[in-house]
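Student: These protein sequence lines are chains A and B, in that order. Numbered according to this note's numbering, the first sequence spans residues 1 to 319. Numbered according to this note's numbering, the second sequence spans residues 320 to 572.
Think of the hints as simulated: they come from the structure by calculation, not from any bench. If you're wondering where the values come from, they're calculated on a predicted model, not measured in any experiment. Any given hint could turn out to be false.
Dumping the calculated DMTMM-like pairs for lysine to aspartate or glutamate here, alpha-carbon to alpha-carbon at most 25 Å [as the list claims (entries may be wrong)]:
1) A:Lys221 <-> B:Asp551
2) A:Lys221 <-> B:Glu510
3) A:Lys223 <-> B:Asp499
4) A:Lys223 <-> B:Asp551
Have a look at the derived ranges for each label pair, beta carbon to beta carbon [what the hints assert, rightly or not]:
5) A:Ala61 <-> B:Tyr549: 24 to 32 Å
6) A:Val255 <-> B:Arg532: 16 to 24 Å
7) B:Phe569 <-> A:Leu56: 47 to 55 Å
Facing chain A, a subset of chain B residues (Cβ under 10 Å, in silico) [claimed, not checked]:
8) Tyr453
9) Ser471
10) Gly519
11) Arg531
12) Val548
13) Phe569
Glycine is no exception: its CB is placed at the ideal position from the N, C-alpha and C atoms.
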Amino acid sequence: MSPLTTRVIDLPASAAALGVVRIGVYATCLLMLLRSDLPMVAPLPFEWFAPWGPLLLVPDAALRIMLTPAALWIIHLSTCGLCAMLMLGARPFKTLAWILVLLVIVHECLAKGCNGYANHAQLGLVYAMMVLALFPCADALSIRPRRVVPSVLHAAPMTLVPFVLGLTYMAIALRRITHGGAAIYLDETIVTYVTARSLEYSAFGFDIGLIVHEWLLLRAKMKFGFVMTTIAELAAPFVILFGWRLRLAWLAIIVPFHFLSLLTMNIFFWENVILVMLFCTGLPHWIAMRRLADRLDEPSAEIAESTRLPRAEAGHAAG
Amino acid sequence: MPNERALNRTAVLAAIGVAGASVAAAMAIRVLAELLGRGGGDVTLPQMLFEGAVIMALMLTLSLRFRRLQIDARTDTRSVAATALSKMDLRRAAEDLGVTRVAFIVAFTCLILTFQLASTTQVRPFPFTHWAMYTRPAPSSDFPQVLAEFESGRIAHYPFLLIQRTSPRSFMARFRPALDAAVDPARGDDERAEARASLGEAMRVLAAIHDRRRPDDRIVAMEAARMTVYTDEYSGPESVRREVAVRVEFVRR
């Protein structure tokens, strides 16, 4: 066995665990797509639309067609449909997975086209799908499973996806350190953010963050939490590579951080929380092992069928 | 035969050391830029140098994990780093994963880091884009507010979730330049009038979208304002200043 499997990936390769991951990632994507409801942008004036990414290359005339209700519905439904198919493990997996990546990018660029900036909540998920599209994720727990020997190709995504996700966290921390410097941890920066985010209109409507103005101790704790979160973000890719204890300690900081930022700032990257729980807790391996254990306990229909005598022979024997 | 546990520990130490050194170097460069009067929002050269250091640190870490270093675990961190640097190839990983996958992952890593750290809002790349979350010291404490008055007499925030479910705040940010221009006394009268007209037009579009979706309680008036919070002495709504940029009333029959 190569160093990659023995050192980087600390859990055994398993096509079933990768199948669980595939279902989890594409189910999250489907939820995100259904929630974003792309055809909603149709009534907005075309002049408000400012293309992102690949749509910068699309001529205005074509963009106008893409932004008609019919075209938006087609893009939305085909993206959702393909996502559901991949969740079930449709083949050829890699080809379909790359088509979905392109469709999701177009979908997101259209959905965010009238926004002042591209919010990043969905990007971790897009990156995860790009990595999964490189590997045979439909070998197990799919509509057409294959009998395969577990290999490094089944184990590698378990490390690479959280590593890529960790990179995004790390880059945020690096940018904060290099652009904000130490001052942002010492002054009232985080209190200002919390106050403004609690007062303005949002999708969630929490204003719990305002209590930092009532309790000084809480304000100090929030500043300390800001430092701790930055450290956790900075360490993310390294922690993910180096074993379970560090990984669990990281989870103990980053998961509460996501929920606290929801309550205090009305910002919730629920897609990232699902990905982190899926890839950093060993959940897919646990589900795969449980499934295997259940199969061993109860003989499968195939085994039962193969051990049963043929009807004619059975009748002959009885006669 | 190297002691695996000790080797792992040394590798972790080496990786953390390099990452730490990268951050320290970036900070030093940033301070130097400030001293030379080149500081400010986006310092291009140090940022680029910093990116290089970070990418090197990541590559070093990956190489340490991807390959079994044939060294004695008792050797010091400096030797580990030297060995890793001299043997930094991804040959074994490429054998396991395939060259295409390894090339993709390396390119992918570089793209994520480069765009997250170096790009600005002027360019609009996607899905590789810059993530600047809570990076500005002394951030502005103002935000837009769009209120709607309904036929039922209710006054509430305009329901931007009708238009943008995943991030209504990023949609509202679109109106920030016009809103700032409309209330800024430093701007000329013409510029402010133009900003108000454009905001008024936007309010009409938003009201029409709302009324089409919820005809049972239509909007009769809308108001766009810039809110500024005094966070240092916040004690409730009286600590928020409201500057109305535009008010639009609709005649309903």
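Student: Of the numbered hints stated earlier in the document, which are not met by this structure?
Tutor: 2, 3, 5, 6, 7, 9, 10, 13
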